[in-house]
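Q: Letter by letter, the chains look like this.
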Amino acid sequence: SQQGEEDPQALSIQEGENATMNCSYKTSINNLQWYRQNSGRGLVHLILIRSNEREKHSGRLRVTLDTSKKSSSLLITASRAADTASYFCATSRRGSYIPTFGRGTSLIVHP
Amino acid sequence: DVKVTQSSRYLVKRTGEKVFLECVQDMDHENMFWYRQDPGLGLRLIYFSYDVKMKEKGDIPEGYSVSREKKERFSLILESASTNQTSMYLCASSLLHQDSRRNEAFFGQGTRLTVV
Numbered sequence: 756s757q758q759g760e761e762d763p764q765a766l767s768i769q770e771g772e773n774a775t776m777n778c779s780y781k782t783s784i785n786n787l788q789w790y791r792q793n794s795g796r797g798l799v800h801l802i803l804i805r806s807n808e809r810e811k812h813s814g815r816l817r818v819t820l821d822t823s824k825k826s827s828s829l830l831i832t833a834s835r836a837a838d839t840a841s842y843f844c845a846t847s848r849r850g851s852y853i854p855t856f857g858r859g860t861s862l863i864v865h866p
Numbered sequence: 413d414v415k416v417t418q419s420s421r422y423l424v425k426r427t428g429e430k431v432f433l434e435c436v437q438d439m440d441h442e443n444m445f446w447y448r449q450d451p452g453l454g455l456r457l458i459y460f461s462y463d464v465k466m467k468e469k470g471d472i473p474e475g476y477s478v479s480r481e482k483k484e485r486f487s488l489i490l491e492s493a494s495t496n497q498t499s500m501y502l503c504a505s506s507l508l509h510q511d512s513r514r515n516e517a518f519f520g521q522g523t524r525l526t527v528v
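Same order as they appear, the protein sequences are chains A and B.
So for the first sequence, our numbering puts the first residue at 756; every next one is plus one.
So for the second sequence, our numbering puts the first residue at 413; every next one is plus one.
Chain B on its own, in the form it takes in the complex (with noise of 0.2 Å):
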């Protein structure tokens, strides 16, 4: 089974703190991704990574950075949190493959974080 692993499930920081968060995949998966959930938004893409130490911008990369030194994680930086990237945070990865019919999302359990 792939197994895609987020390093806390609860996390509180203080508002201009340095925030990493990490995502460990176990299945050799070439996509990785990081996505935020807020209520009556859905997920949406923050960054994206298709091999190691590339990364792409989503739809809100504002006030985050990311880092992919190896293929399995995929770290999520919050250069200075503030109280409006308090959310619930979901990586996830996926196969970089031709045959679309294999490159269904595998997620982390998620990361809620509350930045005060």
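Isolated chain A (complex conformation) (with noise of 0.2 Å):
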């Protein structure tokens, strides 16, 4: 079953803006995680933000955790047509560290 439920489920922008993708969820988590894949290839992990995080950067991403609301956002800034690919996050239930994905957002960045 999907625990976290990725939105919106397609996104197109031009190269240069911002990109935000956001992602909800329905139990309590250790920790949130979000993965990149290009099309037809493995998930390769961006970044984890753990339960008791609200912030976390890693270059030109941010993500925010917001455990109140069961929900987080990845934030792209100066998107690149290099950033094209869809975007997971991945959750691991409290207790568990078995990942469970969403659906994902694909991410269109035009040059």
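Simulated from the structure, these hints should not be mistaken for laboratory data.
Check the hints yourself; a few may be wrong.
Below, a list of computed lysine-lysine pairs in the DSS-like style, where the Cα atoms sit at most 27 Å apart [said to hold, decoys possible]:
id, chain 1, residue 1, chain 2, residue 2
1, B, 467, A, 781
2, B, 469, A, 781
3, B, 425, B, 467
Keep in mind it's a predicted model, so treat the numbers as computed, not measured.
Work from the hints to combine the two standalone chains into their complex.
A: Quick look at the structure:
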């Protein structure tokens, strides 16, 4: 069963704009992770935020976590055409180490 | 760098065949996972393993079995392939660690299986 759900399903922007993707989940979590998948490839881990953290940065990525609303957002600043990919959030329920994935957001960045 | 290697990128099999998908990781990870990915459905967990010879069913185990005889290798078996098992199969591994900052999953490149 899907624990996290990303929103929007698809996002199309111009190079240089910011891209924001959201993830909602249902149960208490240990951590929340964001992954990226280029077309037809495996997933690559981007960033992990623990349940007691509110915000985390990594390069052009900013992740926020609101456990009261059971939601997270991934912001990609100054997007590039190379950021075109699908982005997935994954949660590990409290007491579990198994990442459960959402359906993903498909991001297209036009040059 | 952690490396997770799946034996095939593309595979075409006939209905009723027994199919083996192999996955090997080189970082001594305890946890290994098999997911399938279908358009509009995201990644769904088939089976996982947290130790040699240990296995647990995921959300969609029907029609599949797994084998973990060595720590680095986790095999997914389709006992009798059917057309509804045509999909992208992704293997992943992670540390079994109490510190939740260290249980990110590392994925293989995926195997696109077509059953005809």
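Q: Are the hints correct? Go through all of them and say.
A: Structure-based check of all given hints:
A C-alpha spacing of about 26 Å is found between residue 467 of chain B and residue 781 of chain A, which places the hinted pair at or below 27 Å, so the restraint holds. A distance of roughly 21 Å separates the Cα atoms of residue 469 of chain B and residue 781 of chain A; the hinted pair therefore holds under the 27 Å criterion. At most 27 Å may separate the alpha-carbon atoms for a hinted pair to count; residue 425 of chain B and residue 467 of chain B meet this at roughly 25 Å.
The structure is consistent with each of the numbered hints, conforming to all of them.
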